[in-house]
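These protein sequence lines map, in sequence, to chains H and X. For what it's worth, this note's numbering labels the leading residue of the first sequence as 328, then goes sequentially. For what it's worth, this note's numbering labels the leading residue of the second sequence as 99, then goes sequentially.
Calculated directly from the structure, the hints in this document are not laboratory data. Treat the hints with care, since some could be wrong.
[To be verified] Here are the in silico distance ranges between beta carbons for each label pair:
hint : chain 1 : residue 1 : chain 2 : residue 2 : range
1    : H       : D345      : X       : Q103      : 49 to 57 angstroms
2    : H       : R354      : X       : P150      : 15 to 23 angstroms
3    : X       : R117      : H       : R418      : 40 to 48 angstroms
4    : H       : D518      : X       : A164      : 47 to 55 angstroms
5    : H       : L512      : X       : E127      : 25 to 33 angstroms
6    : H       : E394      : X       : E123      : 33 to 41 angstroms
Note that beta-carbon positions come from the ideal geometry of N, C-alpha and C, so glycine has one too.
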Amino acid sequence: MNTPSDWELVALARAGDDQAFGALVRRHENGLIAFCHRMTGSRDDAEDLAQECFIRVYRYLWRLRPEAKFSTVLFGMARNLTLNFLRDAKRRGRCRTQPLTSHDAVQERVCNPLHTPDSQARLSELEARLERTLELLSPEHREILVLRELNGLDYDAIAAVIRRRKGTVRSRLARAREQFRIRWLELGGGDL
Amino acid sequence: MNNDQLSEVLSAYLDGESRDPEAVERLLESDPAARRRYDILLSQSQALRRLPSPEAGPEFAVRLLARLREQQTRPYRGWVMGVAPWMLAAAVAFVLAAAYLAIQAPPESRVSPIATEIQKWREIDPDLLDSILLERIAADPDALDALESEYAGVSPDADGRYAADGAPAGMYEDLPLDTWIEDLNPDEEAVFRELLVAYAMEG
Chain H
328 MNTPSDWELV ALARAGDDQA FGALVRRHEN GLIAFCHRMT GSRDDAEDLA QECFIRVYRY
388 LWRLRPEAKF STVLFGMARN LTLNFLRDAK RRGRCRTQPL TSHDAVQERV CNPLHTPDSQ
448 ARLSELEARL ERTLELLSPE HREILVLREL NGLDYDAIAA VIRRRKGTVR SRLARAREQF
508 RIRWLELGGG DL
Chain X
99 MNNDQLSEVL SAYLDGESRD PEAVERLLES DPAARRRYDI LLSQSQALRR LPSPEAGPEF
159 AVRLLARLRE QQTRPYRGWV MGVAPWMLAA AVAFVLAAAY LAIQAPPESR VSPIATEIQK
219 WREIDPDLLD SILLERIAAD PDALDALESE YAGVSPDADG RYAADGAPAG MYEDLPLDTW
279 IEDLNPDEEA VFRELLVAYA MEG
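Make the full structure from the sequences, and use the hints.
Structure follows, in structure tokens:
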């Protein structure tokens, strides 16, 4: 039996099939949480934002049309929510609640016998520095780098998500990478 | 080729989005400095892709569905199918009327009528406005290119600011658009631009 496409699941969910919506959530939850996590720096906030995003998608199921990729619509909503969240957090003077490194991911590596304590320490330090560098970027540069490098979206999809032309994506991504390199060196990073 | 252009060319090549990949390959073979920059970009990209990401717990979807049931949230069929088109039509008519009045008698105030309307719309239902615009543009990203060339005077520059001169084509050509836009914050600017695109797509 063929796996239903996203839009087939949307059609089923519109007809009241909550299981279909659940399948849609499970299909996209990791990508969405990863994006929100890299943008906000907090796993808890990322889960809350991802939940809010799915709730909005559910409310607007009838408005969604299958001309675009479903993931584009999803990331577009998540982007709005995270940018609003970051703006509100800045107004409130709220700091990041935890480092960007995922506690669970670190825990998993600590328990992995393939990682010696030395290699583990080097890996954690490298990851922490990479994440700190990401954190120092403007939200505009961070989001485009995260969408490309961590979520693997192509230029057309990113253009649709950030609502800019493909040419803008091309130049902004180049600037974001250059800024990342500069910040990386400022933090004392060497060759990767 | 200046520094920024080289960065852009190498970055696009890295992503498989180069307009002329063979020319970039020739450049990388003949220019050690360009090769070095490309290698740095490649290492940076590979390091970022290896970063671990958190995964949703097994209860994430269960909690979400329970939350939807608690809130008795249902897909917004009735409201959207019934009221939203009417509201959208009314909003379009309202903004067009505001633009017409502005042409007839430019306001003394520097606050633009469209900016005011965007604010009102956002207060009524910002999510609906966003979702409508997002959906339209997401459906056809290439439309942005065509529309932006039509509305050349409305396009933002490299810093995301709108041109202070150069009259936009179409119905806004007599309006002191740059003066209005100066009063908008970045969010309002973004919505303003999207509204222009949406109107143009309405035909």
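Hint check:
1. Evaluation of the 49 to 57 angstroms hint for D345/H and Q103/X yields a pass: the beta carbon distance comes to about 52 angstroms.
2. In this structure, R354/H and P150/X meet the distance hint of 15 to 23 angstroms, their C-beta atoms being roughly 20 angstroms apart.
3. The hint said 40 to 48 angstroms for the Cβ distance between R117/X and R418/H, and at roughly 41 angstroms that hint holds.
4. A hinted range of 47 to 55 angstroms holds for the C-beta pair D518/H and A164/X, which are about 48 angstroms apart.
5. For the pair L512/H and E127/X, the supplied restraint of 25 to 33 angstroms holds, since their beta-carbon distance comes to about 27 angstroms.
6. Checked against the hint of 33 to 41 angstroms, the C-beta distance between E394/H and E123/X comes to roughly 36 angstroms, which is consistent with it.
Of the numbered hints given earlier, the model fails none.
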